[in-house]
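K.L.:
Based on these hints, arrange chain Y on the given structure of chain H.
Those protein sequence lines, which keep their order, are chains H and Y. Just so we're aligned, residue 569 is where the first sequence starts under the numbering used here, counting upward by one. Just so we're aligned, residue -10 is where the second sequence starts under the numbering used here, counting upward by one.
Just so you know, the hints here were simulated from the structure itself, not pulled from any lab data.
Covered stretches of chain Y, going by a simulated chain H footprint (3 or more residues, C-beta under 8 Å): (1) -9 to 1; (2) 4 to 15; (3) 39 to 45; (4) 48 to 61; (5) 161 to 175; (6) 194 to 201.
What follows is a set of in silico ranges between Cβ atoms, one per label pair, in the way DEER data are often shown: (7) GLY697/H <-> ARG55/Y: 37 to 45 Å; (8) SER189/Y <-> ARG597/H: 41 to 49 Å; (9) VAL641/H <-> PRO188/Y: 42 to 50 Å; (10) GLN123/Y <-> ASP645/H: 32 to 40 Å; (11) LEU696/H <-> LEU141/Y: 45 to 53 Å; (12) GLU665/H <-> THR44/Y: 20 to 28 Å; (13) ASP645/H <-> GLU121/Y: 34 to 42 Å; (14) ARG666/H <-> GLU50/Y: 38 to 46 Å.
C-beta: ideal position from N, C-alpha, C; glycine also.
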Amino acid sequence: MLGVAARMLRRRDLAEDAVQDAFVLIWRRAAQFDPGRGSAKGWLYTILRNRCLTMLRREDREIATEMSELETVSGADLVDQAFDGLERSTGLRQCLERLDAPTRLAILSAYVLGHSHGEIAGRLDTPLGTVKARVRRGLLKLRECLS
Amino acid sequence: MTDRSLDMLIDEVVLGLASDEDRRRLQALAAQDADVASRLEQARQRFAPLDDTATPLPLPEGLWDRIAARLDKADAPAAEVIDLAQVRARLGQWRRAALGAVAACLVMAVALGWSLLSVAEPLVVAVLLDSEGQAVALIESGEDNRTQVTLLERPDLPADRVMQVWTKPDADGPPVSLGLLAGGASRTLTIRGLPAPGPSQLYEITSEPAGGSPTDLPTGPILGVGLAKKPVI
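The following block holds chain H by itself, in its conformation from the complex (with noise of 0.2 Å):
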C-alpha cells in the first residue's frame, strides 16, 4: 500500500501520512465494508487511492516544488515501470498496448501518478480537451476491449 501511495505522491513522508490516513478511515468505516460487493483488497486500495487524490489535488504546488527522494525517478519511468510490471498474459496489459501511445500515457499518468487531465495535458503540452477527448475514446475502449 505504500508503495501505491508513494508513486502518487512522489514523497515517502506525504505516503507515510495518506497510509496513515487511509488506516483511520477504513477502521472507521469498516462496518460500511459489505464483502458481497467487492473485494477487500480492492475496498482498502480504494480509500488509500481516494486519500492520495485529495492529497495531490490539495498540495498540488508544494508537492511539485518539494519533490525530494522520489523525484529521482521521472513520472514517465514510474508509468514505463508500472506498465512493464504488468504480465503479459493480463487483459489489462494487452488491451492498454492496443490504445495509442499519447492516450495510454494519459490514462496510466491517471491511474499510476494521480494526475489530472489539466497535468496530463501541461506535461503532453496538448490542449486540454484534446487531452479529455482522448482520454474518454481510450476508456471507451479499453471497455470494449476488456468486457
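P.N.:
For chain Y alone, kept in the frame of chain H given last:
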C-alpha cells in the same frame, strides 16, 4: 443518465479524473443500486493489476501506534456521553487491542494476497533448488492452483529482469506461467483453468525480461526447479 455516460463516470472515478462532486454522486448511486455498485467494482478490478506493480515499501515502525493514538483522540468526544474516565480508558485499551488485531490481519492479508486464508492446507509443496543444490524458494499450492511462493534467498537479478514462476500441469506438456514475482518479493499467485496440482508436478522459476517471457514459455536461465510432493497433514 444513459448507460454509456454512467460507465464513463465510473471509469473516470476509478481512474481518479472525476471531480469530488462526481465521485460523491457515484458513491451515493452505488450505495442505492446494486447494479451500479457491481459495475463500479468491475471497473476497479480492471485497473487493480496496476496497484500490484508499485514497488513494495515496508511500513515504517510505529505506524500502528500513531494510528491507534489518532483513533483514541478522535473517539474522545463520543465517549464524553458516558463521562467516566475509567470507561474511556478501558475503551481506549480495547480499541487499541482490536485495532492491533484488525491492522495485523489487514496487513498480512494484503501483503500475502490472502494467502493465509486460502492456502491454509496446501495440496502440494515443492522446494525449488538452484544449480548448486541450494533451496531458493518454497512453493505451496492448493486445489484451485492458488500458489504461495516464498523466496528463501534474496534474488540477485538485474533491474530489467523479473522472476517468473512456471509449472507443468501435464508432465509431457509445455510449462504454464503462474505469474511474475514483481520486485523480487514472495507472493501468492492465482491462475484459473488448470487442473488441481498433483505430486511430482514440476515447478520452476526463471529469469525473464521485464514484463515476463515474450513467448509465454521460459526463455531465461532457471533460478530454481523442483518437483511437488504431497505434504503429510
